[in-house]
Amino acid sequence: MRILLGIGVGLLVTFSTLANIDELIAREGVAEVFIESLQHQYAIGPNFNHTEYVFSYPCGGGAICGAIYSKESTQLIHFPTEFQIDSEMIAYETSYSLGSNEICFSGQSAYDSTVYDNVCFALQDGVLKRITPHNINSDTYVLTNDRIHKVPSDEIWVSKDVPIAQCKVCTADVYVESGIVEVDGMTVEGKFNLALRKSETLVFHSGTEFVLGDVRPLLDIKVVIQPSNNE
1 MRILLGIGVG
11 LLVTFSTLAN
21 IDELIAREGV
31 AEVFIESLQH
41 QYAIGPNFNH
51 TEYVFSYPCG
61 GGAICGAIYS
71 KESTQLIHFP
81 TEFQIDSEMI
91 AYETSYSLGS
101 NEICFSGQSA
111 YDSTVYDNVC
121 FALQDGVLKR
131 ITPHNINSDT
141 YVLTNDRIHK
151 VPSDEIWVSK
161 DVPIAQCKVC
171 TADVYVESGI
181 VEVDGMTVEG
191 KFNLALRKSE
201 TLVFHSGTEF
211 VLGDVRPLLD
221 IKVVIQPSNN
231 E
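In terms of our numbering, the sequence shown has 221 at position 221, counting the first letter as 1, and numbering is strictly consecutive.
Since the hints were made in silico from the structure, they are not lab data.
Note that this is a predicted model, so its numbers are computed, not measured.
In this text, a Cβ means the ideal position worked out from N, Cα and C, and glycines have one as well.
Certain hints may be false.
Below, computed lysine-lysine pairings styled on DSS-like, alpha-carbon distance capped at 30 angstroms [said to hold, decoys possible]:
1. LYS150 / LYS71
2. LYS191 / LYS160
3. LYS129 / LYS168
4. LYS129 / LYS150
5. LYS222 / LYS191
Label-pair distances were calculated between CB atoms; the ranges are [claimed, not checked]:
6. ASP184 / SER56: 35 to 43 angstroms
7. VAL224 / LYS191: 21 to 29 angstroms
8. SER153 / GLY99: 19 to 27 angstroms
9. GLU32 / ILE148: 37 to 45 angstroms
10. LYS198 / LYS71: 29 to 37 angstroms
11. ASP161 / VAL188: 12 to 20 angstroms
12. THR201 / CYS170: 13 to 21 angstroms
With the sequences and hints as input, model every part of the structure.
Structure representation (structure tokens):
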């Protein structure tokens, strides 16, 4: 026998569905507003990547949070940050569709004030991965902290006026595996960690390999093309 439970007006969801969600809720230990938002969207149906559910909810302090619920894996994939609802710098907006695995964000982070200006991610293997960083008709892009980055041999990457991370217990902003980095004009070479204590400009030289730390989820980079020896 199929048991149907009503949620709201005209919205139906199966008992087995609620059981899956209840299991997820117990595992995550989430607030009531989260539960209501997830159950509401699940009752409406998938709205992302053919079979998955994007939903958002207020999470205190003038911020809005969100996540993607995967029915197949019963897992949550959270948005890259909490966003300010009433930012004076940029309006909060997400864009996505049922037929695509891409989701884009505009808004200002409520965590560290990073500005997302139509920054897009693709959902792959249960992880939101930044879409190919090079933007068409642009020499700038955004790095994320979910992978190792290596500066191509014909490029230098410059990040100007990197703000201090807003964290209570701060770890390193950048973990350099090898290469050369200029920090406000001072050159550092080899394997080392960078923990920024003031707004600084970073220059990553060709061949440098590094990864961003947990306190630095995103880093805006400007690409400077190196002239070849034949020029």
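Going through the earlier hints one by one, which of them does the structure break, listed in rising order? 1, 8, 10
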